[in-house]
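> Sequence:
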Amino acid sequence: MEWTEEALDMHADTATESDLESTSQPENEETASKLNPHDEWHKLRSFHIYTHPIGDIKRAIPVALEAHINAVLRKGLDEPSPAAKVVTDVVGSAFGKNKATAKFYLVPILLYKAVPAHGIVHHWDFDLSQEYLPSAPNTAVGKRNPGGLAPAQPDTILGYDADLARDDDLLFDMEGTRPSENSFSLSENNIHFPWFTSQWTTSTGEPHDMAILRGARDGACIVNYLHEYYETAYKRPATPLEAHHISFTTDVATFRIWVHWREEDQSASHHYMKCILKGFLSDERDVSAVRRILDNLLTYAVGYRLRSIKDALPHWSRNVTQRA
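Here the sequence shown stands for residues 1 to 324, numbered as in UniProt numbering.
It should be emphasised that the hints constitute simulated quantities derived from the structure, not laboratory data. None of these values were measured; they are calculated from a predicted model. Heads up, the beta-carbon is just placed ideally off N, CA and C, and yes, glycines get one too. Incorrect hints may have been included.
[To be verified] Straight-line C-alpha distance at most 27 angstroms; calculated DSSO-like pairs for lysine-lysine:
no.	residue 1	residue 2
1	143	235
2	97	85
3	75	278
[As the list claims (entries may be wrong)] So the derived label-pair ranges between C-beta atoms look like this:
no.	residue 1	residue 2	range
4	115	60	33 to 39 angstroms
5	60	80	29 to 35 angstroms
6	147	125	25 to 31 angstroms
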């Protein structure tokens with residue numbers, strides 16, 4: 001199927017002007033494709049980021065987190081989604097295009113629209129603060145990697161926007177409560193507590209493995225950010241459920257949905273990820289399952305998760321002030 005005028009019309013209320021402009025700016029995917037997934041995997045592993053299942057250890061999802069995935073995210077997983085047929089029709093047009101074009105075709109119909117709910121922000125090609133990336137666990141790793149990990153930059157990211165909440169009680173305003181910053185944020189662009197990210201590759205660039213490796217880095221950064229928030233608020237380590245993150249990776253043919261979490265031992269923090277759904281974008285049943293999980297995730301993000309964050313906020317603010 002070619003990208004038709006009718007299909008473009010369907011995108012008109014979801015894509016931004018910058019999204020449209022990005023399709024005319026091909027990325028330097030030839031250079032990017034020279035990166036070696038095996039080398040990247042070894043580097044992440046040396047920083048205690050374990051990218052299951054690319055030849056790494058098989059770590060069980062913590063019990064409470066797995067129960068949440070099964071009861072909340074997988075709810076109604078076998079139910080059909082009206083969007084699935086649209087996605088499978090469009091994916092043929094996206095396949096073989098550069099990453100920017102493939103994202104423009106598919107993100108609003110496969111993942112999320114520009115603003116899926118009030119108080120939610122959705123950015124593309126987003127730089128996260130390097131402050132929360134795992135640091136070298138020892139001197140030897142630091143010497144081999146003097147620049148540390150590459151900056152975390154999800155291809156898409158969703159979180160909360162405090163600016164949208166000043167006139168109601170849906171979200172919160174955290175400005176001015178952290179001594180060294182305007183807000184507890186992962187960037188300078190006012191996005192708080194991200195709950196979904198994605199990484200994309202295409203047949204014109206890198207293999208799917210590279211999206212998975214970058215997704216592992218992004219997930220570790222966000223999980224560390226959530227850990228700091230809950231640990232500061234409650235003066236105890238965050239639970240895997242409090243500080244988990246969900247991400248999506250694709251090469252525009254296959255896809256995976258991941259859960260990311262962190263565990264501690266006496267010597268270090270260890271970052272894990274595990275696939276909770278995989279399939280083909282050409283298969284309507286597989287795409288329906290993606291849509292069901294992402295719909296459930298959005299409901300969770302504006303419901304229980306947001307309440308948990310708001311409940312911790314006064315404790316976090318008080319403890320940060322005392323620590324200053």
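> Now tell me, hint by hint, if it's right for this structure.
Outcome of the hint check:
1. 143 <-> 235: Answer violated: residue 143 to residue 235 is near 33 angstroms, above 27 angstroms.
2. 97 <-> 85: Within the cut-off at roughly 20 angstroms; holds.
3. 75 <-> 278: With a Cα-Cα distance of about 16 angstroms, the restraint between residue 75 and residue 278 holds, given a limit of 27 angstroms.
4. 115 <-> 60: 33 to 39 angstroms: Since the Cβ atoms of residue 115 and residue 60 sit about 36 angstroms apart, the hinted range of 33 to 39 angstroms holds.
5. 60 <-> 80: 29 to 35 angstroms: Since the Cβ atoms of residue 60 and residue 80 sit about 31 angstroms apart, the hinted range of 29 to 35 angstroms holds.
6. 147 <-> 125: 25 to 31 angstroms: 21 angstroms, violated
Hints 1 and 6, counting from the list given before, are not met by this structure.
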